[in-house]
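Engineer: For reference, the chains in residue letters:
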Amino acid sequence: MVPTTYNLVPTAYYLILAAMLFSIGIAAFLIKRNVITIFISIELMLNAVNLTFVAFAHMWHQVSGQIFVFFVMVVAAAEAAVGLAIILSIFRTRETLNVDEIDLMKS
Amino acid sequence: MQLALFIIFGGLALVGALNLLFQRHPIHSALSLVVVMMSLAVLYWSLGAEFLAAAQVIVYSGAIMVLFVFVIMLLNAGKEERTRGSRAAYAVGFPGAAAIFCLLSFVFLSERGALMTSNIGGDLSNAVDNIAQVSAMLFTRQLLPFEVTSVLILVAILGAVVLARKEQ
Chain A
3 MVPTTYNLVP
13 TAYYLILAAM
23 LFSIGIAAFL
33 IKRNVITIFI
43 SIELMLNAVN
53 LTFVAFAHMW
63 HQVSGQIFVF
73 FVMVVAAAEA
83 AVGLAIILSI
93 FRTRETLNVD
103 EIDLMKS
Chain B
5 MQLALFIIFG
15 GLALVGALNL
25 LFQRHPIHSA
35 LSLVVVMMSL
45 AVLYWSLGAE
55 FLAAAQVIVY
65 SGAIMVLFVF
75 VIMLLNAGKE
85 ERTRGSRAAY
95 AVGFPGAAAI
105 FCLLSFVFLS
115 ERGALMTSNI
125 GGDLSNAVDN
135 IAQVSAMLFT
145 RQLLPFEVTS
155 VLILVAILGA
165 VVLARKEQ
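So the protein lines, in turn, are chains A and B.
Going letter by letter, the first sequence gives residues 3 to 109 in the numbering used here.
Going letter by letter, the second sequence gives residues 5 to 172 in the numbering used here.
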């Protein structure tokens, strides 16, 4: 397949798409009041960062960026397991998922 | 082809992320995140990262999101209601996120000359298999971090079991 100029996408476009997803994740993180939805927006931000890693790995023709994404995925899986267990125990003791009502550490 | 894939699946990822932001029910947000993750898997594949595309589908949209949906169902989470704190967050959150986006895209666009263009599949996958390259790197130079992550996963499993267990 001969690459034509129509086929090429500048790496900057991938980075801007990742920036958009990251900003949407930040907005969701700040706006949402439900613990689970806040957790979901953290996952969205992690995915946006992974996209920049893969785009740069493609640009420099190296697999190190892909290895890093692999490690980010592993850490995200561990974090999801522990975080959801914490959410479960919070719900057991306080009977709510709203972050405004979970204010035990605010005197 | 690369451009068409980027426009279609990048747009789909963006629509999914915006839907995540504006839905009020957690289960709708979780299912929108599945859309984002699947579109990102296609983008990874088009960038020559076949292994990561498969891992994205299996680990993220397969395992992690099932865990999320399971917890949402278990806790019977309903629609979130607007509170005083959420109004303040609206006032701060949207301008803050917009400012960060403007800063990032300004940097990327001003450095656009230094960044190159990408073609489908990439040069990574032409010479050698992508999985062969990733695994050769992972099991030689990155062997110690790889083993440490398995310990991390073990600790996370134990922590999740201890935290989620009912108090006797």
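Quick caveat, the hints were computed from the structure, so don't treat them as lab data.
Remember, predicted model here, so these are calculated numbers, not experimental data.
Where is the CB? At the ideal position from N, CA and C, for every residue including glycine.
Wrong hints could be hidden among the right ones.
For each label pair, taking beta carbons as the anchor points, the in silico distance ranges come out as [stated by the list, open to error]:
no., chain 1, residue 1, chain 2, residue 2, range
1, B, Ala140, A, Thr95, 46 to 54 Å
2, A, Ser91, B, Arg91, 37 to 45 Å
3, A, Val51, B, Phe143, 18 to 26 Å
4, B, Ala118, A, Asp102, 40 to 48 Å
Where chain B lies over chain A, by a calculated footprint (3+ residues, C-beta under 8 Å) [to be verified]:
no., segment
5, 15-22
6, 36-43
7, 50-59
8, 62-68
9, 71-80
10, 83-96
Engineer: Look at each hint and say if it fits the structure.
Structural biologist: Hint check:
1. The hinted range of 46 to 54 Å is satisfied by alanine 140(B) and threonine 95(A), whose Cβ atoms lie roughly 48 Å apart.
2. The beta-carbon spacing between serine 91(A) and arginine 91(B), approximately 29 Å, falls outside the hinted interval of 37 to 45 Å.
3. At roughly 25 Å, the beta-carbon separation of valine 51(A) and phenylalanine 143(B) lies within the given 18 to 26 Å, and the hint holds.
4. At about 45 Å, the CB distance of alanine 118(B) to aspartate 102(A) agrees with the hint of 40 to 48 Å.
5. With a threshold of 8 Å between beta carbons, the proposed coverage of the segment 15-22 of chain A by chain B holds, since 7 of its residues qualify and at least three are required.
6. Here's how the segment 36-43 of chain A fares: 6 of its residues keep a CB closer than 8 Å to some CB of chain B, so the rule of at least three is met and the hint holds.
7. Proximity of the segment 50-59 of chain A to chain B, defined as three or more residues with a beta carbon under 8 Å from a beta carbon of that chain, is established by the 5 residues found.
8. Here the segment 62-68 of chain A counts 4 residues with a CB under 8 Å from a CB of chain B, which clears the bar of 3, and the coverage holds.
9. With a cut-off of 8 Å between beta carbons, the segment 71-80 of chain A has 9 residues touching chain B; three or more are needed, and the interface restraint holds.
10. With 10 residues having a Cβ less than 8 Å from any Cβ of chain B, the segment 83-96 of chain A passes the three-residue criterion, so the hint holds.
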